[in-house]
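Asks: The sequence shown begins at 1 in the numbering used here and counts up by one.
Simulated from the structure, these hints should not be mistaken for lab results. Note that CB positions come from ideal geometry on N, CA and C, so glycine has one too. Hints should not be assumed to be uniformly reliable.
Taking CB as the label site, the calculated pair distances span [claimed, not checked]:
1. Glu103 - Phe83: 24 to 32 Å
2. Glu117 - Asp77: 44 to 52 Å
3. Glu63 - Lys99: 50 to 58 Å
4. Lys105 - Ile125: 27 to 35 Å
5. Lys71 - Ala106: 30 to 38 Å
6. Glu63 - Leu41: 26 to 34 Å
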Amino acid sequence: MKQEHDIISLTNQNKHLEEDLELAQEKIRQLKSLEDDEDDLKKENDAAQRKITLLEQELENSELTIRETTKNFREADVKAEHFERKVQQLESLSFDQEKKNEELKAKILELQAQLDEFNASLDDI
1 MKQEHDIISL TNQNKHLEED LELAQEKIRQ LKSLEDDEDD LKKENDAAQR
51 KITLLEQELE NSELTIRETT KNFREADVKA EHFERKVQQL ESLSFDQEKK
101 NEELKAKILE LQAQLDEFNA SLDDI
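Using the sequences and the hints given, assemble the complete structure.
Replies: Written out as structure tokens, the structure reads:
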């Protein structure tokens with residue numbers, strides 16, 4: 001009877017050990033799965049970090065380009081304003097010169113008339 005009892009006890013122990021082994025193996029599978037998931041997440045994180053770095057560099061380059069373009073635009077705007085003022089000055093000068101030319105033409109006509117009168121009076125003498 002003692003042997004039977006020992007056999008039953010050992011059988012139960014063996015059964016419990018097999019159950020514990022199955023539980024331990026299942027836990028190992030779960031942990032390996034978690035480890036694989038963690039590796040995948042690390043890879044995704046690394047890829048995302050590289051992408052962030054590239055985007056930050058691209059942003060810096062874009063900001064530099066915008067600053068340079070803005071600077072060039074401001075310089076061009078200042079030059080355009082300068083040339084607009086110069087054009088206005090030249091237009092004003094041209095208008096003044098045309099006015100003087102008209103005055104001189106009128107003066108020439110007046111002097112020509114006086115000269116003609118003088119010549120006519122000389123012819124009469």
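Asks: Hint by hint, note whether the structure agrees.
Replies: Each hint, compared with the structure:
Hint check: glutamate 103 to phenylalanine 83, Cβ distance near 30 Å, so the stated range 24 to 32 Å holds. Hint check: glutamate 117 to aspartate 77, Cβ distance near 60 Å, so the stated range 44 to 52 Å is violated. A beta carbon spacing of about 54 Å between glutamate 63 and lysine 99 agrees with the range 50 to 58 Å that was offered as a hint. With their beta carbons about 31 Å apart, lysine 105 and isoleucine 125 fall inside the hinted range of 27 to 35 Å.
For lysine 71 paired with alanine 106, a C-beta distance near 53 Å fails the hint of 30 to 38 Å. One distance hint, 26 to 34 Å for the beta-carbon pair glutamate 63 and leucine 41, holds here, with the actual separation near 32 Å.
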